[in-house]
Every structure is written in structure tokens, then in C-alpha cells.
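Peer 1: Chains A and B, in that order, are what the protein sequence lines are. Under the working numbering, the final residue of the first sequence carries the number 148; numbering is consecutive throughout. Under the working numbering, the final residue of the second sequence carries the number 148; numbering is consecutive throughout.
In case anyone wonders, no lab produced these hints; they're calculated from the structure. Hints may contain errors.
Same chains, same names: a pair is fine if it fits in one copy or spans any two.
Cut-off 27 Å, straight-line C-alpha distance, at most; resulting in silico cross-link-like pairs (DSSO-like, lysine-lysine) [claimed, not checked]:
1. K101 - K32
2. K144 - K83
3. K23 - K57
4. K61 - K32
5. K83 - K72
6. K23 - K92
7. K61 - K23
8. K83 - K17
9. K31 - K57
10. K87 - K57
11. K87 - K23
12. K17 - K31
13. K101 - K23
14. K139 - K23
15. K147 - K23
16. K139 - K17
17. K72 - K31
18. K32 - K144
19. K92 - K72
20. K139 - K32
21. K23 - K144
22. K89 - K147
There are 2 protein chains.
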Amino acid sequence: MDTSIEGVILTDLKRIPHPKGDIYHGLKKNEDSFNGFGESYFSFINYGEIKAWKRHFKMICNIVVPIGKIEFALYDLREKSATKGKFMKIELGEENYKRITIPPGIWYGFKGLGSNNMLHNLANIEHDPEEQENVKIGTFKNLKW
Amino acid sequence: MDTSIEGVILTDLKRIPHPKGDIYHGLKKNEDSFNGFGESYFSFINYGEIKAWKRHFKMICNIVVPIGKIEFALYDLREKSATKGKFMKIELGEENYKRITIPPGIWYGFKGLGSNNMLHNLANIEHDPEEQENVKIGTFKNLKW
Numbered sequence: 004m005d006t007s008i009e010g011v012i013l014t015d016l017k018r019i020p021h022p023k024g025d026i027y028h029g030l031k032k033n034e035d036s037f038n039g040f041g042e043s044y045f046s047f048i049n050y051g052e053i054k055a056w057k058r059h060f061k062m063i064c065n066i067v068v069p070i071g072k073i074e075f076a077l078y079d080l081r082e083k084s085a086t087k088g089k090f091m092k093i094e095l096g097e098e099n100y101k102r103i104t105i106p107p108g109i110w111y112g113f114k115g116l117g118s119n120n121m122l123h124n125l126a127n128i129e130h131d132p133e134e135q136e137n138v139k140i141g142t143f144k145n146l147k148w
Numbered sequence: 004m005d006t007s008i009e010g011v012i013l014t015d016l017k018r019i020p021h022p023k024g025d026i027y028h029g030l031k032k033n034e035d036s037f038n039g040f041g042e043s044y045f046s047f048i049n050y051g052e053i054k055a056w057k058r059h060f061k062m063i064c065n066i067v068v069p070i071g072k073i074e075f076a077l078y079d080l081r082e083k084s085a086t087k088g089k090f091m092k093i094e095l096g097e098e099n100y101k102r103i104t105i106p107p108g109i110w111y112g113f114k115g116l117g118s119n120n121m122l123h124n125l126a127n128i129e130h131d132p133e134e135q136e137n138v139k140i141g142t143f144k145n146l147k148w
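Model the full structure from these sequences, guided by the hints.
Peer 2: Shown next, in the form of C-alpha cells:
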């Protein structure tokens, strides 16, 4: 599947092997994906469950999945986007350890594929219910999920 | 055990229950413990293994344990500290979900107590081998570990 939604960045991250327990990179302030620090939080998603759909008006999400495997779906309905109408899915986790940067305005959701799944979001602003919108999973009839 | 080493902060964090997977707070920019963003990384520690001892000259660590259980040991040998000579241990993890803020100059290490243990460190500077010192576990003969 074509993963090119305008403004979405996928970044390969290092996992440094260590006999006592590995080190996984997350984000460094000098990387292009860093857009300021607002909040760091973790979200678990149980096997087979889907949390969707959400879009932010201001928050830029920098998400990694250090535990398990999570499928992300992104849907671009931004009026001025060069990729308006595009839909993408990507599986991230221990086996495909990348960071996904999601700019504001993109509808997204995620599904737990492993037995224990956790994402970390390093957001540029603090959580604020006023800057986000949530709709039910079945809202976009044309999308498979 | 007395946990009061000067400058070390323990902060209770929220875990927000959700039927599809819980949300765990990490750090918000307006909290007192936030000292700027340098890097976010994860460190795994296998059951029974110890990573110790390390001290930083500049880095302030903001550590949470969203997966498993980890015992932290901290030893204050800072010349100008009001708590010079103090040693503390604390178990953090899913069952005792707090953030520990470790200022520079304190020797610290950690041990894996669960079957799968992971910490997240949100550091005020990027990793730099020149600003940290490592010594072997047996270095401090007077300490139990």
C-alpha cells in the first residue's frame, strides 16, 4: 500500500542489543520530526481492539511501539492536502520498529495485533479535549476496518 | 527505607482505565519535573539482571516503568548534597506507577524484577557518552546489591 500521505513521516529507529535488555531509541530533539515537547503518554491496545477515529487540530503525534504490534490506519481528508482522500495502513512494533509522525488534521486509529501492545506518544502539546475530534469506527463507510 | 535524597522527585502518575487498553500518563511540560526535552528512549531489563552503576554530569532523567517491575537503587555521593552518603531503593512499575526524577551527580542502577520490564526515560539532553560515567556493580562495597 502507498504510504505517502502529505506530512506523515516514517523514521527507522535503532534498537541497540544488550545482553541484559535492549535499548530502543525514541526521539531526539535534533531530529526533523521533533516539533517541541508538550506531553509524553502511553496507550495500551488489547488484542483485536480498535481505537478509532480521532483527529487533532493542533497536536503533532510522534508515536513508537516498543511493545507488541499495532496496526495504524490514517485517512487524509484535509481540504488543502495534496494527498486528500488517501488512506494508508501500517503495522508498527518490535518487528518493524519505526516512528510515525502524524500532523494535525489527519483522521487516525489503531488496532492491537499482538497479545500485549503499547504505544508511546510524544506530543508537541499537552492533551486538550478541545483540540481533538472523535467519531465512531463505522463513520467512513468506504474504508475497510 | 527513607527515600529522601536531595533533588530526587517521586511523582504519582495517573493510569486511566479503558476497556480497550489503558492510558498511562508520562510527563507534561507544565510539571515541575520537566527540565526541557533532549531525548526519549526505552531500556529493557531482563529478569534478575542489574544495570549499574551510572552517573550523569548533565542529564536529568525522568523515568517511568509502564511494563513490568524494576527496582532502582540510588546512591548520593555529591560533595555539596545535604543527603551525601544516602542510599535508597525503590520498586516502580505497573503496580507502583510513579515517575522518578534523578538529577545529575547521583549514582544509580536498576534491576529487573518482572518477567518483562521496560523503562522510559525522558531526558533533558541527548545521550552523550562524555557526560556520563559507568562503574562496575561491585564498586561500592558497602552497598547491598
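Peer 1: Indicate, hint by hint, whether the structure satisfies it.
Peer 2: Evaluated hints:
{"no.": "1", "hint": "K101 - K32", "in the structure": "both (17 Å within a copy, 25 Å between copies)"}
{"no.": "2", "hint": "K144 - K83", "in the structure": "within (22 Å within a copy, 65 Å between copies)"}
{"no.": "3", "hint": "K23 - K57", "in the structure": "between (38 Å within a copy, 15 Å between copies)"}
{"no.": "4", "hint": "K61 - K32", "in the structure": "both (19 Å within a copy, 16 Å between copies)"}
{"no.": "5", "hint": "K83 - K72", "in the structure": "neither (32 Å within a copy, 47 Å between copies)"}
{"no.": "6", "hint": "K23 - K92", "in the structure": "between (34 Å within a copy, 20 Å between copies)"}
{"no.": "7", "hint": "K61 - K23", "in the structure": "between (40 Å within a copy, 25 Å between copies)"}
{"no.": "8", "hint": "K83 - K17", "in the structure": "neither (34 Å within a copy, 38 Å between copies)"}
{"no.": "9", "hint": "K31 - K57", "in the structure": "both (26 Å within a copy, 21 Å between copies)"}
{"no.": "10", "hint": "K87 - K57", "in the structure": "within (17 Å within a copy, 49 Å between copies)"}
{"no.": "11", "hint": "K87 - K23", "in the structure": "neither (46 Å within a copy, 30 Å between copies)"}
{"no.": "12", "hint": "K17 - K31", "in the structure": "both (12 Å within a copy, 25 Å between copies)"}
{"no.": "13", "hint": "K101 - K23", "in the structure": "both (23 Å within a copy, 23 Å between copies)"}
{"no.": "14", "hint": "K139 - K23", "in the structure": "between (43 Å within a copy, 14 Å between copies)"}
{"no.": "15", "hint": "K147 - K23", "in the structure": "between (41 Å within a copy, 20 Å between copies)"}
{"no.": "16", "hint": "K139 - K17", "in the structure": "between (35 Å within a copy, 26 Å between copies)"}
{"no.": "17", "hint": "K72 - K31", "in the structure": "both (23 Å within a copy, 26 Å between copies)"}
{"no.": "18", "hint": "K32 - K144", "in the structure": "neither (39 Å within a copy, 38 Å between copies)"}
{"no.": "19", "hint": "K92 - K72", "in the structure": "within (13 Å within a copy, 33 Å between copies)"}
{"no.": "20", "hint": "K139 - K32", "in the structure": "neither (35 Å within a copy, 30 Å between copies)"}
{"no.": "21", "hint": "K23 - K144", "in the structure": "between (48 Å within a copy, 22 Å between copies)"}
{"no.": "22", "hint": "K89 - K147", "in the structure": "within (13 Å within a copy, 58 Å between copies)"}
The structure does not agree with the numbered hints 5, 8, 11, 18, 20 stated previously, though it agrees with the rest.
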